[in-house]
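Each chain is listed here by its residues.
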Amino acid sequence: MNQTPRGVNRTLLILLGVLLCATGVHLLLLSLGGSYALGWTRFASIAGGHAERLLAATTLPGQPDSWLWIVVAVALVALVLLMVWWITVQGKGRTGTYAREYYDDGARGMVELGAGVPEQALRAALAERHDIVSVSISVWDSPHGDAGLRIRVLPRQGAAPLRIAEDISALAAGLDRALGRGGPVVIHLAAGARARMSRADRVL
Amino acid sequence: MTGAEREAIQHRELYSARSPAAIVAASVVALASIYLLFEVALKALGQDPWLRSPEEWWAWSAGLPQAAEPVLLVLVGVATLGLGLYFLLAGILPGRRPRRPIADPRAIVVVDDPVLASALARRARTEAGVGPEQVLVHLYPKAAEVQLRPTSGIPVNAEAVRRAVEQELELNRIEPRPDVHVRISESGVVGQ
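As they're listed, the protein sequences go chains A and B. With our numbering as the guide, the letters of the first sequence map in order to residues 6 to 209. With our numbering as the guide, the letters of the second sequence map in order to residues 24 to 215.
Don't read these hints as lab results, they were simulated from the structure. Hints should not be assumed to be uniformly reliable.
Said to hold, decoys possible - A short, non-exhaustive set of chain A residues, derived as facing chain B with CB atoms under 8 Å:
#: 1; residue: L33
#: 2; residue: S40
#: 3; residue: L84
#: 4; residue: L127
#: 5; residue: V191
What the hints assert, rightly or not - Just the calculated beta-carbon pair ranges, DEER-fashion:
#: 6; chain 1: A; residue 1: V116; chain 2: B; residue 2: I57; range: 44 to 52 Å
#: 7; chain 1: A; residue 1: T102; chain 2: B; residue 2: A31; range: 17 to 25 Å
#: 8; chain 1: B; residue 1: P43; chain 2: A; residue 2: L43; range: 38 to 46 Å
To be verified - Covered stretches of chain B, going by a simulated chain A footprint (3 or more residues, C-beta under 8 Å):
#: 9; region: 52-66
#: 10; region: 136-145
The model shown is predicted, which means the values in this text are computed figures rather than measured ones. The beta-carbon is built from N, C-alpha and C at its ideal position, and this holds for glycine as well.
Input sequences plus hints: build the corresponding full structure.
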């Protein structure tokens with residue numbers, strides 16, 4: 006229901022994982038010494054020499070250092086910003102607005118239903134139930150169409166999952182009719198410490 | 024809501040997004056980049072380096088086999104390899120959560136395995152006529168294991184318990200249905 010970019014997560018994780026694995030293996034091989042370590046030292050000093058010549062060639066007259074360092078600094082800033090973006094998009098998509106509509110019929114303004122509307126309605130409808138320990142309801146942006154509802158229910162120990170799911174599904178259908186919306190609804194029957202500690206429902 | 028959209032949302036509920044690993048990875052890369060950026064900026068401004076300038080770092084890595092303690096190299100190498108494997112496996116493995124879907128015409132319903140297990144345990148114990156402490160149900164991806172300790176002197180019909188648990192799975196529309204195995208322990212419990 007959230008809009009975490011999962012493909013991005015997987016791709017970047019694989020990329021970084023391969024890079025770190027290669028570095029780790031490289032360090033282990035270096036610790037063994039021998040021809041690999043010698044080869045690495047030779048390769049590193051040749052590459053270092055190339056880089057030095059390149060830096061010398063890109064130093065403008067009158068400047069202490071190459072302008073390539075500024076390019077590298079800009080690239081690093083971009084990388085840091087990319088990482089900050091990557092962290093902020095995790096679990097993105099939660100919203101406080103369930104519906105918003107503008108009617109162009111002469112009256113001014115628009116009608117907005119906050120996330121509290123479906124939440125309070127469902128909470129009130131489920132308050133009397135004995136087979137539920139707690140409910141939490143969140144509203145999520147849908148890429149196309151109406152906002153989605155995520156209903157997380159902690160059933161009491163031993164409660165039949167389908168009965169709870171069917172009743173909440175019927176409530177969601179009622180909410181659709183009452184509010185004229187039809188976004189996706191997710192019902193998550195969750196296990197949690199609070200459900201484990203609560204006494205079992207005695208009614209069979 | 025189209026069928027494809029339903030499928031996508033259900034998949035999101037059943038598989039992990041790898042957010043914790045992503046946040047760790049992003050933090051590691053960001054911290055390394057910020058340090059390097061600091062040194063590079065000092066270099067670009069013509070100031071003295073803080074710890075080492077980028078060129079000194081490169082020369083240091085070239086001289087590692089001679090300069091560094093082999094034990095230290097092994098330790099750092101293993102730690103790096105471990106972190107790399109953690110990221111790599113998080114990226115490759117499917118990351119299936121211990122949840123199951125329940126078919127429903129309106130909503131997408133997912134149930135955590137412990138919730139389903141406790142419903143199965145209740146059914147098993149009413150069928151066997153034992154107390155709540157005598158039944159333990161464990162759900163695996165493709166199997167449900169029921170462990171039952173009967174009350175001493177009162178035999179329990181394993182087949183009947185198995186059928187009841189299977190019926191409970193069917194009643195709750197769990198698809199695909201896991202195989203049910205019932206294990207009745209040899210020793211009974213007294214005074215239940």
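Enumerate the violated hints, using their earlier numbering and listing them in ascending order. Hint check: 2 and 4 fail, others pass.
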